[in-house]
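> Residue strings, one per chain:
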Amino acid sequence: METLRREGEAKTKELEVQKKELDKLKEQHQAHAEELLRVQTRANGTETKVEALRREGEVKQVAFSASLMSSGNHGETGPFNTHTPLVFRYVATNIGNAYNPNTAPVRGVYHFEFYIYGNGHASYSAGAVLTKNGEHIFIAYEHQPSHAANAANGVTLLLEVGDVIFLRQWQNSRIYDSRNRHTTFSGHLLFLM
Amino acid sequence: METLRREGEAKTKELEVQKKELDKLKEQHQAHAEELLRVQTRANGTETKVEALRREGEVKQVAFSASLMSSGNHGETGPFNTHTPLVFRYVATNIGNAYNPNTAPVRGVYHFEFYIYGNGHASYSAGAVLTKNGEHIFIAYEHQPSHAANAANGVTLLLEVGDVIFLRQWQNSRIYDSRNRHTTFSGHLLFLM
Amino acid sequence: METLRREGEAKTKELEVQKKELDKLKEQHQAHAEELLRVQTRANGTETKVEALRREGEVKQVAFSASLMSSGNHGETGPFNTHTPLVFRYVATNIGNAYNPNTAPVRGVYHFEFYIYGNGHASYSAGAVLTKNGEHIFIAYEHQPSHAANAANGVTLLLEVGDVIFLRQWQNSRIYDSRNRHTTFSGHLLFLM
Chain A
1 METLRREGEA KTKELEVQKK ELDKLKEQHQ AHAEELLRVQ TRANGTETKV EALRREGEVK
61 QVAFSASLMS SGNHGETGPF NTHTPLVFRY VATNIGNAYN PNTAPVRGVY HFEFYIYGNG
121 HASYSAGAVL TKNGEHIFIA YEHQPSHAAN AANGVTLLLE VGDVIFLRQW QNSRIYDSRN
181 RHTTFSGHLL FLM
Chain B
1001 METLRREGEA KTKELEVQKK ELDKLKEQHQ AHAEELLRVQ TRANGTETKV EALRREGEVK
1061 QVAFSASLMS SGNHGETGPF NTHTPLVFRY VATNIGNAYN PNTAPVRGVY HFEFYIYGNG
1121 HASYSAGAVL TKNGEHIFIA YEHQPSHAAN AANGVTLLLE VGDVIFLRQW QNSRIYDSRN
1181 RHTTFSGHLL FLM
Chain C
2001 METLRREGEA KTKELEVQKK ELDKLKEQHQ AHAEELLRVQ TRANGTETKV EALRREGEVK
2061 QVAFSASLMS SGNHGETGPF NTHTPLVFRY VATNIGNAYN PNTAPVRGVY HFEFYIYGNG
2121 HASYSAGAVL TKNGEHIFIA YEHQPSHAAN AANGVTLLLE VGDVIFLRQW QNSRIYDSRN
2181 RHTTFSGHLL FLM
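Heads up: the protein sequence lines correspond to chains A, B and C, in order.
Position one of the first sequence corresponds to residue 1 (this note's numbering), numbered consecutively onward.
Position one of the second sequence corresponds to residue 1001 (this note's numbering), numbered consecutively onward.
Position one of the third sequence corresponds to residue 2001 (this note's numbering), numbered consecutively onward.
One should not assume that every hint holds.
With a straight-line Cα cutoff of 20 Å, these simulated DMTMM-like cross-link-like pairs (lysine to aspartate or glutamate) come out [claimed, not checked]:
1. C/Lys2011 - C/Glu2021
2. C/Lys2024 - A/Glu27
3. C/Lys2132 - C/Glu2160
4. B/Lys1011 - C/Glu2014
5. C/Lys2024 - A/Glu34
Simulated from the structure, these hints should not be mistaken for lab results.
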């Protein structure tokens, strides 16, 4: 009887010890649950940011390069007595569907270059203007009375989605191109904004 | 009495079983705590790297594009009998405060292009030099005795923070610009280093 | 005796309560273990993507800029009666070992510009062609009978690893360069593909 009583007391103590440990474990478990939740929230945030960076890298793949004459063709364009859009028929590179029409697919800063070639002529220069939504930006223009002239210009512009960039031949200018590809127009996205 | 003794033994066994399970759970809990810590450390590292990538993307937004004459103005610049800095007064684009003064805001590789236009003249060429901290880098130069000349050059340079890039008009050259914007200067950051 | 029996019953209940809590805790623990595994798997995925983005940033550091004459030298190159590769001896910038030979180190979209300078001559133009694996891409060409001519062109191309880009002097053209660095060739990677 005394033995049973003492054993009973021991068990009571052991039960109390275990209860305390259980309670402590439950608390720690609760703390872990909260930590896990925090880590998952952080993982969500990081994954979103990484995906945004990755997609940005893809979206930034916008570039084109074209020359005036279609393959195998050559000849003069102009002179015209008004400013006339130039259509570049040989497309060397067109990534992100940037060329034709030259509409900005995303908001960002773009770089453009254009090289205009003309046979020398007393009356006709070789010239073209880069335009943004029809507005005159920069001109490439040279006039030689004989032989062969080459003009160039380049510009970097912040474009909104849908802004249209094209080259307009300068009035009374004459532009030549051949399969050698003198007269060219290139552009690419520098960065998103 | 015998019943109580047997029940006591059963409870002792059950207590031992629970104690073992508690100990096992405590061990597993400890293992989880360590795993959680590792995951948090990794999350810290990843977040730091993602933030660095994101900031790099922002810092890389450096680009300018300018032409020589302020809006509505036109005329000759030069000739001067010494090399003279060219100031481009019409700023088409200026992102990351890259232009005026042309001081590199971050260490990196930059691309520059410049297009120089001049009316033909027997004695005066059209020419300008891109300089880095006053040092001659590349020149754009053309000389036509009549009509209209266009010269261009471009360069890619690794710049330290504070390096200064500007264009210097070539001595005894004459540069023309108008609201058509022939004479232009553009630059942008390619990548950080 | 009755006391012992009642205490025994209380312990039995307490044991059952603790067992239930232990079982619940084990279940929760198991759930945490699974959550932790998911978080670790996500951390692995994110780290791999971030490392890929970081490496992509490094790999994209490809740019060169060169001029024709080695330091201190000047003179004419050509005319030659066949197309002849131009070797640019002054290397202003060469990052990612992009120049000499001009072999694409990674698959991607590259931008190139070239500026060709020539003294005027009744019979000799100034011209050079950018070639890709020997194929004619775009030409920079100008012909002035006197004084000084400057031609330029630029192109953006998707290159495979190992594609070779070089400039070929146009036949019967004459190209001049000096320590002023008129005749230059620059290129850089825009983005990987």
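> Look at each hint and say if it fits the structure.
Structure-based check of all given hints:
1. A distance of roughly 15 Å separates the Cα atoms of C/Lys2011 and C/Glu2021; the hinted pair therefore holds under the 20 Å criterion.
2. The hinted pair formed by C/Lys2024 and A/Glu27 meets the criterion: a straight-line CA distance of about 13 Å does not exceed 20 Å.
3. For a cut-off of 20 Å, the pair hint linking C/Lys2132 to C/Glu2160 stands: about 11 Å separates their Cα positions.
4. A C-alpha spacing of about 10 Å is found between B/Lys1011 and C/Glu2014, which places the hinted pair at or below 20 Å, so the restraint holds.
5. With a C-alpha separation of about 17 Å, the suggested pairing of C/Lys2024 with A/Glu34 holds against the 20 Å cut-off.
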